[in-house]
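So the chains spell out like this:
There are 2 protein chains.
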Amino acid sequence: MNRMNKPQTILRALAPLMVALPLNPAWGFEEDGYELWLRYRALEGAQRTRVLAHAKVIVAPAGPSLTALAAVAELHRGLSGLVGRPPELAREIRKGAIVLATPASLPAIAKLDLDLASLGQEGYLLRATKVRGHAVTLVAANSDVGLLYGTFALLAAMRTGVDLAKIDVRSAPKVALRMLNHWDNLDRTIERGYAGESIWEWHHLPDVKDARYVDYARANASIGINGTVLNNVNSKAEMMTAPWIAKAAALADVFRPYGIRVYLSVRWSAPMELKQTATADPLDPAVRKWWKDKAAEIYKVIPDFGGFLVKANSEGQPGPQDYKRSHAEGANLLAEAVAPHGGLVFWRAFVYSQFDEEDRAKQAYTEFVPLDGTFAKNVIVQVKNGPIDFQPREPFHPLFGAMPKTPLAMEFQITKEYLGFATHLAYLGPMYEEVLQADTGRPRKGSTVAKVIDGSLDGNKLTAMAGVANIGSSRTWSGSHFDAANWYMFGRLAWDPHASSRDIARDWAALTFSTDRKSTEAIVEMMMRSREAVVDYMNPLGLHHLMDTGHHYGPGPWVSELRRPEWNPTYYHQADRKGIGFDRTPKGSNALEQYAPDVARQWADPKTTSDQFLLWFHHLPWDFRMPSGRSLWDELIARYDRGVAGAGDLRKRWDRLKNVIDPRRHREVREFLLIQEQEAKWWRDASVAYFRSVSGLPLPKGHAAPPLTLEQYKSRRTPWAPGRAQPY
Amino acid sequence: MNRMNKPQTILRALAPLMVALPLNPAWGFEEDGYELWLRYRALEGAQRTRVLAHAKVIVAPAGPSLTALAAVAELHRGLSGLVGRPPELAREIRKGAIVLATPASLPAIAKLDLDLASLGQEGYLLRATKVRGHAVTLVAANSDVGLLYGTFALLAAMRTGVDLAKIDVRSAPKVALRMLNHWDNLDRTIERGYAGESIWEWHHLPDVKDARYVDYARANASIGINGTVLNNVNSKAEMMTAPWIAKAAALADVFRPYGIRVYLSVRWSAPMELKQTATADPLDPAVRKWWKDKAAEIYKVIPDFGGFLVKANSEGQPGPQDYKRSHAEGANLLAEAVAPHGGLVFWRAFVYSQFDEEDRAKQAYTEFVPLDGTFAKNVIVQVKNGPIDFQPREPFHPLFGAMPKTPLAMEFQITKEYLGFATHLAYLGPMYEEVLQADTGRPRKGSTVAKVIDGSLDGNKLTAMAGVANIGSSRTWSGSHFDAANWYMFGRLAWDPHASSRDIARDWAALTFSTDRKSTEAIVEMMMRSREAVVDYMNPLGLHHLMDTGHHYGPGPWVSELRRPEWNPTYYHQADRKGIGFDRTPKGSNALEQYAPDVARQWADPKTTSDQFLLWFHHLPWDFRMPSGRSLWDELIARYDRGVAGAGDLRKRWDRLKNVIDPRRHREVREFLLIQEQEAKWWRDASVAYFRSVSGLPLPKGHAAPPLTLEQYKSRRTPWAPGRAQPY
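Residue numbers (the UniProt record's numbering), protein chains in the order written: chain A, 1 to 728; chain B, 1 to 728.
The shape of chain A in the complex, shown without the other chains (with noise of 0.2 Å):
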């Protein structure tokens, strides 16, 4: 140990001993990520002397609802944070005030030629104007939930220095319904969940309501998240009874003022299991009327009740077709019971059987397309962004655009369950944007996945975006600070499909690291590069489904010996001696036939592929020419060494940021940063060592050998990974 004799000396060395010590030791606060982007740190010089101005006085709807309240709540947070003086209440306008105002609440706003009615029910405006001839910064909307909505985007405008002298801003959602899925379990064990156990406190509710509850809520409103299934679509019975939907409620009691609603997986043979029907078959009556009367049950506690999520005859859950019932014969049981309460039913297309030898990637349009039309009116069809599960690249889902009679949802998941869990860094927002944007054809050419989404190619209004959260209870609610940056991305593209995703990175960044502009540049294009870093360290030029079993960490290309067939990683790169990659022409599954003509045909010759979805749609030798002129095999070795390279990218950026992020922060982001890059070696040093074996080709010059055999790749035992899913 060196000796440290000099007292500036031995502060330096209690860096590393300070790791839990308050950046403001006065004060007793440093950042942890629990903030997440509603930080309000206080501004300085210029920047605090505009912001007062504007800051001072808050004039509120009068008798408010508790919405209006959580505006002001938030007001009075963000404000004492900013400018560190808390904002007085008052009921006059007065020059320099905010104003929080609906037509109902302040008819004088109505002569302002504000244009409200296109706001909707949750859009807000925030301007500068002149109200009862005080100069203002209005917030207005049609209802409160507007108003707080229009709050927090006028914080956020606050911290990142828009001038509220001259604001000017609109804003109203073009999706209905922006919805986080919880796979939370009822033991606080989350599937696919490494940010922790669940934030949900079964055991105490419906009796205490956690602090954490009222933050969850404040974070959701501020991206526009308006609901929230609690539980996992591997549902439980017990969600059922009575004990459980009062917890249920308490929630709902906690979320409302935010205009979140809940709502819940049911497992479809609850009656049955709760033995209080002798079976689940949807067209019994009994069946009809005990989920009638259950549907009023929670409705008697849970007034706003959103609705049911359901996961039926999928991956061995119960459901209609176990009594030779339809998925929509299922889901119009559940709608019946709900629609009288205004309630919904969103029924996951997420199908794929293992008697049925079709390729999996088929399976879900061929059971649903047949169904078009055949859904009660209150009933979403959910479909996850591509054909099989949330690969770190996948083609659009061919459901979209494929059932024009049916409102479907977007399922994305948000948890990394197949990009690093919440160790890597991975912004999907590329990822959602690619599919968002991707054209599906029909009814036309420019029918977008958002269009379809958002209701605007047919004037559907119940559209809906929903993402499997990442959220648990880890200081950093998603599991690491950067991944909270995808939880909000997920929450501004349901607001707006059409978004760019670097353009809510940037906002994110400048949101949670309160950096620069060149900074936050910095730290946007790091985001910007991160998913396409782990395509190529784990799936490279289209492959997919190639990770280790259970858990789901780490590679494992060579499993081949899983129960059903459509599990094994080897169904779907099938490399062998001669070549690699899953054929979907005609010549192969054909699952291109699912896609409209123009978009197959770009897909059905490896030439017009892009080296995205190459091996995605083409069986292809291993001498196939590649674009960049290489062979395939070595294009694919290329491609994964060039994704441990985009992983050591990313952490060689973030230490050059060492100096504009706090101290915390940056080590903690770094640390992770480290694990990436090795485990970024590790899934291309035991692909490459796989592969190699199947193909027997050397690798090209200039691509390092794997150190170690395959045998010893393949026995790598991670008993603990987080996150696994619990038994049926």
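These are computed hints drawn from the structure, not numbers from a lab. Ideal Cβ positions, reconstructed from N, Cα and C, are used throughout, including at glycine. No false leads were mixed into what you were given.
Taking lysine to any residue and the SDA-like style, the derived pairs with C-alpha atoms no more than 20 Å apart in a straight line are:
(1) Lys-461(A) - Arg-261(A)
(2) Lys-209(B) - Arg-664(A)
(3) Lys-362(A) - Asp-439(A)
(4) Lys-681(B) - Val-208(A)
Taking beta-carbon pairs under 8 Å as the criterion, some of the chain A residues facing chain B (in silico):
(5) Asp-32
(6) Leu-186
(7) Pro-722
Chain B residues, not near chain A, derived (Cβ > 12 Å throughout):
(8) Gly-133
(9) Gly-446
(10) Glu-561
Since the structure of chain A is already known, use the hints to place chain B on it.
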């Protein structure tokens, strides 16, 4: 919804929404329990002035060790909070400085007649004195760890109004090994844990050293804890593999500067399960070699590894008896492996066999006393406080005093498996004190359990106390604000087993709530009454082990059908038409014979047996006349109701403190007290319903009938109550 027009009314209405709003929004800080008793809130007025005079300068050992740096860091953090400015770190002693010194670092203190030698290696003194002519506050010790302990004591003194100009404190621990035992599993669940999942982020160890680990170390160092067993005594073989040893090593690195050594629980059959030996016979040479090599492997990466904790041949765990070897032969095998490295073996005496018809309370004694004197020098036999299993009240374990040739460690349970989880307020100080002050009568009168434990009866230096931790990822660490008091108290009693639990409660309350003296006393009074209330509403009059199955949540006195007879509550209360209680006198199981004759004598006669243990030692008729004049039956009912009243009284007392406790913590404690009241009623009602059905007797006047039927109480299910043990 009330109309709220006045701004003040609006702000008052904000209160429930501002649940997570900081007390001082400008600074973004709110008490949430995370800081435990190490809060450094700004002092005010005269107290600040007094402390400031002694808080400006620190003089620390030159070339400081990490431990000395930890002390400096704590002073830096603490003083910055207390007086609002960080102290200066100086090389030269000057007036008003805090001087941290050992004889090695500052020989001048040898002249001060401090009698440092009697402080031993971990003790410290705090003294207002002159060093080199300057009036300073001296923190002196023989080691840097002593300085660290002294530093925490000094900061606590500053916070509780001690006059630093006159301070003169000496303290040295009376027990050498002061240990936490975490029952944390490798998947982050915690057996009998009610504070969320494990704080050990196994998946990211060893690469990521979460900030929380430092705060864990600080909290433990502040109460003198110097050892921690990281993993569940129901251990997994994998803990003995390189990746997991590396994770433990990373934690050891974080803890080392704080004087805390790491230990691991080991599974007896590990070498076989890891397929590296064919047997686990302790006398087998291959097994001996395996453990020797394993110890060497561990010590390579954890040079000061403490040693092993073992649960063997208990509740299905493997052990030496599987090979017809004794506990001593098993322990000595492991002891031999770690002895060259200075390691220890803690061998648990918690044994009871399903094949042994002897009274469960007798079995550990029967098994272990014959082994006295046969254990290797570095083995400690770890004994629970009582002979059954951590019940709300048990007589002291008969092994205390019965194995004079063997070092015995006390094992207490800090987590409240049988006292209401982390929901019920129950300060366990009086419970531990009761055990520690119990007179074993061996070798003579006055040989209290505390004197057995601290080695003062025989000069034994290998002394230890272990507490099954209540620590998890909950923001409050221990699952509730008041549960942290039990962690604090355990450390204080491990340091000095003769200390007063009331004094400890007072210190904890003052440090945790910063209340005025009167309010602090009111909190202490609540704490001192709480445990007895739990005894009354769960297991009055010496009854024990009446909880429901598996999760141990709620009452189950009717349970009689479990696989092992001594898991059944009916085994313990033996209630029937005629009477109730377990006869442990010579007429019955004669567990009394295991106590010293003088001790046994008081318990041999129900008339001389305190009501605390009446039904522990006696089976009595329902009409047995109690000292109160009531029949045993009437007394039983009265005690249950006294317990319920006691729970309600806690809440009433807490309500009277509303104005002196910060709103959030007051509310959070209150929410739990309300649950406690309900659960106390549930225990009472279910137990009364059951015992009434057995005795056939009417309830005494003034005691209400249970509102539900016995069947209803029996049919209550809580499948996902927290803390369940995993299947073996």
